[in-house]
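Participant: Sequence:
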Amino acid sequence: MKPLLYLLLTALPASKVFAADTDSMQLAVVEQSMRDKILTDIQTGFEVKNKSFDSTIYQLNGRIQRLDSTLHYTANKQEKLDKILERVQLLEDKQRAVEQNETDVYQVNYQSAVINLVSMEREIKPLVLFHATEDFFDGLTETSNPATYSGYSEWFGKFKKYVEKKKSKEATFQAISNMLSLSGSVSASIPLTGTIGAMLCNGMATYVSSISHHQKQLRTEAERMFTLTVTLSQFNSDKDKIDNEWDDITKSLGQLREDYDSVLSRNLCMINSPKGAFVTCYSKESDADKRYVYLSDLRHKSANEVTLLKTTDPKNWKEAVYYQLMDVQSLKMQYGDITSRISQHIDKYNALINKYKADKEIGPRMAALQIKLNTLKETFDHTFDPKQYKNTVAKMYKLM
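Residue numbering for the sequence shown follows my numbering, starting at 234 and increasing by one per position.
By construction, these hints were calculated from the structure, which means they are not laboratory data.
Just so you know, not all the hints are guaranteed correct.
Listed next, the in silico EDC-like pairs over lysine to aspartate or glutamate satisfying Cα-Cα at most 16 Å (straight line) [said to hold, decoys possible]:
{"id": "1", "residue 1": "K631", "residue 2": "E335"}
{"id": "2", "residue 1": "K358", "residue 2": "E491"}
{"id": "3", "residue 1": "K316", "residue 2": "D326"}
Given these sequences and hints, build the entire structure.
Facilitator: As structure tokens, this is what we get:
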């Protein structure tokens with residue numbers, strides 16, 4: 234069973250799947266550069282405001298300290314009252330500066346959240362398409378199929394004839410015969426694992442034992458093919474355990490997609506940006522410059538939304554923004570976790586190869602699989618860096 238990570242392209246021809254896979258990964262790199270540029274612009278703008286805030290607070294504190302130092306020595310009541318009023322004004326100016334800086338922090342965080350949220354759409358795509366038709370999994374399937382080994386199909390034909398002779402006398406061979414009739418041939422998905430696989434191997438063992446020692450060549454061939462079948466049965470069992478773990482990853486990826494659509498729709502609604510514009514101007518837009526313009530527009534709408542929330546709901550505006558920040562960060566952390574799990578499961582195939590690389594029959598194929606697995610791992614690591622990604626996500630917001 235192949236790991237099913239390509240949820241969106243199961244009906245496409247392999248050549249088109251592969252092309253889409255490669256293009257999506259390239260687009261992910263372009264999109265990352267675009268996103269980073271906008272985030273850098275947001276950061277730069279905030280740093281300018283923050284420096285101005287620091288300077289303002291420094292100056293106000295200095296003036297307040299100077300007033301405090303003269304108040305004690307001021308005897309004239311009117312002059313003292315004027316200085317007290319001036320001090321109150323300075324404190325109010327300081328409070329306004331602090332509140333504006335707080336708004337600036339929420340604005341830069343929400344801008345970052347929205348840009349990261351929207352650009353995730355093009356992060357998820359290559360992850361969904363990643364598996365597609367990678368050489369490694371094709372090689373893995375070929376290795377696990379006994380019909381791809383020299384002489385096996387011919388020998389299996391002899392075994393089938395033996396089964397037909399024995400089926401009227403033994404129920405086991407009748408069952409094997411029925412199974413072979415349903416599958417058509419050894420290359421048409423005859424199971425080598427589980428109860429059916431065990432029954433098939435038992436039937437083959439009986440067949441091998443029935444061959445006279447005087448028929449040395451025939452018996453040697455039968456023993457070799459039987460050994461190959463048993464080895465492949467164990468290989469497939471080990472492989473299936475790894476493959477089956479991908480089901481949970483596939484489910485997690487599907488859940489991530491659902492959560493993403495929900496959070497995206499909610500935030501686009503918040504900043505009064507139609508979902509249709511997202512599809513037209515970003516998701517389906519091939520011109521990077523036009524996508525950049527769209528992201529830039531979202532950036533400004535996000536900042537304006539924070540200001541509007543603060544004005545219209547002064548008691549709850551921070552809470553409203555905070556929940557969106559946490560939702561976006563959670564989504565990105567989920568994405569990082571999924572890529573980590575994929576990376577770990579790719580490593581399990583490496584352990585599978587190491588287990589069988591010394592085997593006389595299938596060992597030679599392990600070397601070729603190792604090369605393909607290394608290529609697969611390098612491709613994945615180049616496109617997805619789970620550790621770095623999650624580290625960046627953990628630091629994506631300014632402290633509030």
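Participant: Within 16 Å, alpha carbon to alpha carbon, are K631 and E335?
Facilitator: Status holds; Cα separation ~10 Å.
Participant: Between K316 and D326, does the CA-CA distance stay at or below 16 Å?
Facilitator: 15 Å, holds
Participant: Sort out whether E491 lies within 16 Å of K358, counting only the CA atoms.
Facilitator: 13 Å, holds
Consistency with the previously given hints is maintained throughout, with no hint failing.
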